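Colleague: Residue numbers (this note's numbering), protein chains in the order written: chain A, 1 to 301; chain B, 1001 to 1342; chain C, 2001 to 2538.
Hint data in this document are derived by calculation from the structure and do not stem from the laboratory. What you are looking at is a predicted structure, and each value in this text was computed from that prediction instead of being measured. We put the CB at the ideal spot given by N, CA and C, even for glycine. Please note that the accuracy of each hint is not assured.
As the list claims (entries may be wrong) - To give a feel for the contact side, a few chain C residues facing chain A, derived at Cβ under 8 Å:
no., residue
1, Ser2061
2, Thr2105
3, Tyr2115
4, Ser2120
5, Gly2122
6, Arg2161
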Amino acid sequence: MISELLFFMEVLVAGLLSGTMYSLVALGFVLIYKASSTFNFAQGAMVFFAVLSFVGLMEFGIPFSVAFVLTIFLMIAVGLATERLVLRPLMNQSEDTLLMATIGLGFVLEGLAQAVWGVEVRRLDLGIKDSPIPWIADNLQLFISALDVTAGLVATAMIIGLTLLFKYTKIGLGLRSVADDAGAASSIGIPLKHIMLLVWSAAGVVALVAGMMWGARAGVQFALIDLALKALPVLIIGGFSSIPGAIIGGLLIGASEKILEVYIGPYFGGGIEGWAPYVLAIFFLLYRPEGLFGEKIIRRV
Amino acid sequence: MKPVFMTFTRGDIINFIVLMVLGFLIIPMTITNGYWYSSILIPWLCLALAAVGQQIVMGYAGQLSLGAAGFMAAGAFACFNLILRIPDLPFVGALIISGLIAAAFGILFGLPSLRVRGIYLMVATLASQFFIVWMIDKFGWFKNYDTSGIITAQNIEIFGKSFTSPINMYYVVLVVVAVLTLLAMNMVRGSAGRNWMAVRDMDIAAESMGVSLLKTKLEAFAISAFYCGVAGALFAFTYLKSLEPVAFDIKLSFKILFMVILGGLGTINGAFIGAAFILLFPVVLNFIGNTAFHGSIDATIISSIEQVVFGALMIIFMIYEPLGMAKLWESIKSKIGFNKKK
Amino acid sequence: MSVDSNNILEVKNIEVVYDNVILALHDVSLTVPKGKIVALLGANGAGKSTTLKSISTMLASERGKVTKGTINYNGNNIEGEIPSRMVHRGMVQVLEGRRCFGHLTVEENIIAGAYSRQLSKGDLSAELEKIYTYFTRLKDRRGSQAGFTSGGEQQMIAVARAMMAKPTMLLLDEPSMGLAPQLVAEIFNIVKELNQKEGVSILLAEQNTNIALKNADYGYILETGRVMLEGSAQSLSNDEKVKELYLGISKGERKNFRDVLYDDEKKKNTTALTTKGRKFEIGGPILEVKNISLHFGGVKAITNISFNILKHEIRAIIGPNGAGKSSMLNCINGIYQPQEGTILYKGAVLDQINPNLISRMGISRTFQNLALFKRMSVLDNILVGRKLHTKSNFMQVGFQFPQAVREEKENKEKCEEIISFLEIEDIKNTQVGKLPYGLQKKVELGRALATQAEILLLDEPMAGMNVEEKRDMCRFILKVNDELGTTIVLIEHDMGVVMDISDRVVVLDYGKSIGDGTPDVVRANQKVIDAYLGVAHD
Chain A
1 MISELLFFME VLVAGLLSGT MYSLVALGFV LIYKASSTFN FAQGAMVFFA
51 VLSFVGLMEF GIPFSVAFVL TIFLMIAVGL ATERLVLRPL MNQSEDTLLM
101 ATIGLGFVLE GLAQAVWGVE VRRLDLGIKD SPIPWIADNL QLFISALDVT
151 AGLVATAMII GLTLLFKYTK IGLGLRSVAD DAGAASSIGI PLKHIMLLVW
201 SAAGVVALVA GMMWGARAGV QFALIDLALK ALPVLIIGGF SSIPGAIIGG
251 LLIGASEKIL EVYIGPYFGG GIEGWAPYVL AIFFLLYRPE GLFGEKIIRR
301 V
Chain B
1001 MKPVFMTFTR GDIINFIVLM VLGFLIIPMT ITNGYWYSSI LIPWLCLALA
1051 AVGQQIVMGY AGQLSLGAAG FMAAGAFACF NLILRIPDLP FVGALIISGL
1101 IAAAFGILFG LPSLRVRGIY LMVATLASQF FIVWMIDKFG WFKNYDTSGI
1151 ITAQNIEIFG KSFTSPINMY YVVLVVVAVL TLLAMNMVRG SAGRNWMAVR
1201 DMDIAAESMG VSLLKTKLEA FAISAFYCGV AGALFAFTYL KSLEPVAFDI
1251 KLSFKILFMV ILGGLGTING AFIGAAFILL FPVVLNFIGN TAFHGSIDAT
1301 IISSIEQVVF GALMIIFMIY EPLGMAKLWE SIKSKIGFNK KK
Chain C
2001 MSVDSNNILE VKNIEVVYDN VILALHDVSL TVPKGKIVAL LGANGAGKST
2051 TLKSISTMLA SERGKVTKGT INYNGNNIEG EIPSRMVHRG MVQVLEGRRC
2101 FGHLTVEENI IAGAYSRQLS KGDLSAELEK IYTYFTRLKD RRGSQAGFTS
2151 GGEQQMIAVA RAMMAKPTML LLDEPSMGLA PQLVAEIFNI VKELNQKEGV
2201 SILLAEQNTN IALKNADYGY ILETGRVMLE GSAQSLSNDE KVKELYLGIS
2251 KGERKNFRDV LYDDEKKKNT TALTTKGRKF EIGGPILEVK NISLHFGGVK
2301 AITNISFNIL KHEIRAIIGP NGAGKSSMLN CINGIYQPQE GTILYKGAVL
2351 DQINPNLISR MGISRTFQNL ALFKRMSVLD NILVGRKLHT KSNFMQVGFQ
2401 FPQAVREEKE NKEKCEEIIS FLEIEDIKNT QVGKLPYGLQ KKVELGRALA
2451 TQAEILLLDE PMAGMNVEEK RDMCRFILKV NDELGTTIVL IEHDMGVVMD
2501 ISDRVVVLDY GKSIGDGTPD VVRANQKVID AYLGVAHD
């Protein structure tokens, strides 16, 4: 009995922590959605592009911290280019048009990354091992990966920081105003360009961090882009525009994914984590489309 | 424009005759190399058919769906199993039933559209994409417990005659696509199409005019899935000549999405134009890569460039011509026509 | 170029083009002296909004640009400026249509206005309190989400927010749109106060010529992109042409629309209205609303309202903005589900109400903010109205079965009839999204007519129209009621229209019914006069 419970705890905790990895990716989406009510399909590609460039730079012999800073600048440049070439021309278009444009952006970033850095899988060593922490294993009989814990801490820190930013700072107010009505915001002097640039650059940095965590675990490879698709159920459950929602949604998806796979998966022959999160998301869509923490869609007739 | 026959105008009838002559007479007479049929025309027609399905659900009814490839997979495997297990079932019959099975999936996974829209709906349709492919993979029955991993599609037999040569398969595909496209054109121009577009443009007003959102949306999903199902079956039987779930992955769904958007959302022409572009562009790119650079450019780099170009084109079209190539073509036609008049 | 330093704004001979092809303004010149209120008047589509946007440099977001002429603000040319810089220079535009930040609270909205200024926390609170002294209504609602406040409150939020940016010049775009007379007067009082006490110069674009001229110092009348007339507010109010065209006052006695219609038709020798009386006598109740209550979250939109609608009558629902009129219509139509009360149709209680069911029962409607299918043509829009008379399904349409072909033909004919009735033949194949506002309203009416409904619910069918367009709409509504016997339920703000064409009126205020009867009875009801007709009607 005890061993069964322990096993469940292990699965649960592993799921929760891997869930925070999803949250990191989801966070990038939330940032952009909060500021521009746009779903950035290219976020997954940004994760890939960011971490690949980081690793690629290190391969040239550039030290870790320098490469990190350089990549941040690179992501800011990507933000600049996106704002100038994609967002500004499409300022007053419909949501769907912007969505399509971000899909295009994703393909561009993906293709660029591959063309420049090639397709081989690369290893990323962060100095943190993706293996059970010894003293937890010894004392609590639980096997929890150090990498997962680190990811959890990083994610929590980012989320706290961003939530505070949005709610209590002047720039956060500006961001929320732009999200509601960019035209009206501009009419009272809120500088749209700056806000957009800030948001996309922030999303780029978040993408880099998320990519580094995932890269350390699974190697830096193409499949990272599918991560973006995985983040979608997280966003649905947490709410597209909620930063705390990203972490709660991530936890829920991570946990349920692992639990469903371990306990229910065998009845289906395994492999259900491919679609189980989506089906979970569908249930949310039917009963609470705005997610647990998202903003209710105000539609006054 | 006064209708001449049913709701067709004279212009329509002329277009139809020209296309039929081109497709059934001129092309077979002038193109003899099998490569053109098996690698260009056949896949183009199959994918265009799927794109027509996508146009119906997304371009006309305005429902963002990313499940096209999943429905294609459903149709392909349904067709395989039907022909395998029901002796003497005519191919056309199998096609129709496959389409209906795909349509059933379409209705099931279209249900979320009654509650959500936009990106939320897209996520729900992704579920269908992943689920259907997983289901086919997991349950060996669908693949007839084949362990080799490669399932060969059966030969097509219609009225006892075998249709296995490239040009014969081309004829089969052409007939199916022509008939279904004609049906689609009638639907989108008539009350069915108007109902879909009304739901797309302003659903509350549509409801107030008596349009049932439930029926109309599910109808669009069902018909679209039917078209994708038939297209998938044709694709597997005449192009791939095999059935592999991996051929119907999310990448294919994205491809079809690109086809309708670049081609022109909300037009049947757009489906064909978009499919042609998406299909031919990589061929052209490869050609340039091999001849101009003497094969020195890596294949992966070429496919990366392909991706960058598709992505960039998507962005460019969204900015400058959201109505796609079909609209661009119209603009060019009217400019030329205008000049001609002078 | 000499610039008069007494003017805060000088616009000289500007030409404005949209999308590189659509000429919106031909040759507009105007000046705003420092500390004065100048009004820009004219009908919908005259170019008022465009003029304001070219001054505040917000044209670019709509793909427009100034192609000729100059604009000088405070002595400096504004060419090449962007909106956020204009705000720094002291010019703020309050956009048409309220445009509040729906998810932010009222207070957050107002604070956002101070974004461009570097204010300390203390200064910010002080400024906020000052604003609240002007906008007392908003102080009470400071914590509510802006998206759930009423139209009048949202308009105030927009102005308060703009004032927080401490402008020296304010551009107001249609502040009275969609608001009832009393609220409009309240807002204009605040604007006047701001002008006098804070010294803010004001340029305002208004369709409500009456209220604009009452509050402005000077006025310009625009028509199709040109200045037709200008002068001091007083001289314009006394100008005969202005009176007739824009104030609806003619030299002779104000005629009843019905009589006007009868005379018009008689002159044209058409036999539409055969007699001065009614063709369809008003019958018994066809629709009854009993004890309806509706609330959204904490906001009570409708409280215990009951009234009935008689067969073949024209029933008007009037009341200040936020009174619950549109919500009432939405309840009848099934878009909103009231928490309490019942609705009876032809004597039978309706249990389940949704728009689909209601339309099948023979009740159709138009919408306040236009709900046309923008990407379809006029003809196609109206054809959708024939949905209830189309029995063929998609298969029959796909295979072009005889029934489908026949139905399509018949429906098209019916729609052509409606199109010629509404006199919109020449635009029948145009994409609806490209039409001017007034024509779109007509198309919406056409679409509702195509359903051949017994009851038509019209939500402000004449909003944003000038006197001539309103006359046309009245004519159509009367004709429909007279020739087809269609019962009409009408929400309108124009008192003249309401009094002239309705048989009975119900008056709402703050979600409650405060008057119900014939126009004359309602007009004399003191409660109604107090709540709604506050400003004396000309």
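Colleague: Taking the hints in turn, state whether each one holds.
Modeller: Status of the hints after comparison with the structure:
For C:Ser2061, the suggested interface contact is upheld, since its CB lies about 6 Å from the closest CB of chain A, less than 8 Å. With a cut of 8 Å, the hint placing C:Thr2105 at the interface with chain A is violated, because the nearest CB-to-CB distance is about 11 Å. Taken as an interface hint, C:Tyr2115 checks out: its beta carbon lies about 5 Å from the nearest beta carbon of chain A, inside 8 Å. Contact between C:Ser2120 and chain A, as hinted, is not supported at the beta carbon level, the nearest pair being about 12 Å apart and thus beyond 8 Å.
The beta carbon of C:Gly2122 is not positioned within 8 Å of any beta carbon in chain A (closest approach about 15 Å), and the interface hint is therefore violated. At about 6 Å, the closest approach between the beta carbon of C:Arg2161 and any beta carbon in chain A falls short of 8 Å, and the interface hint on this residue holds.
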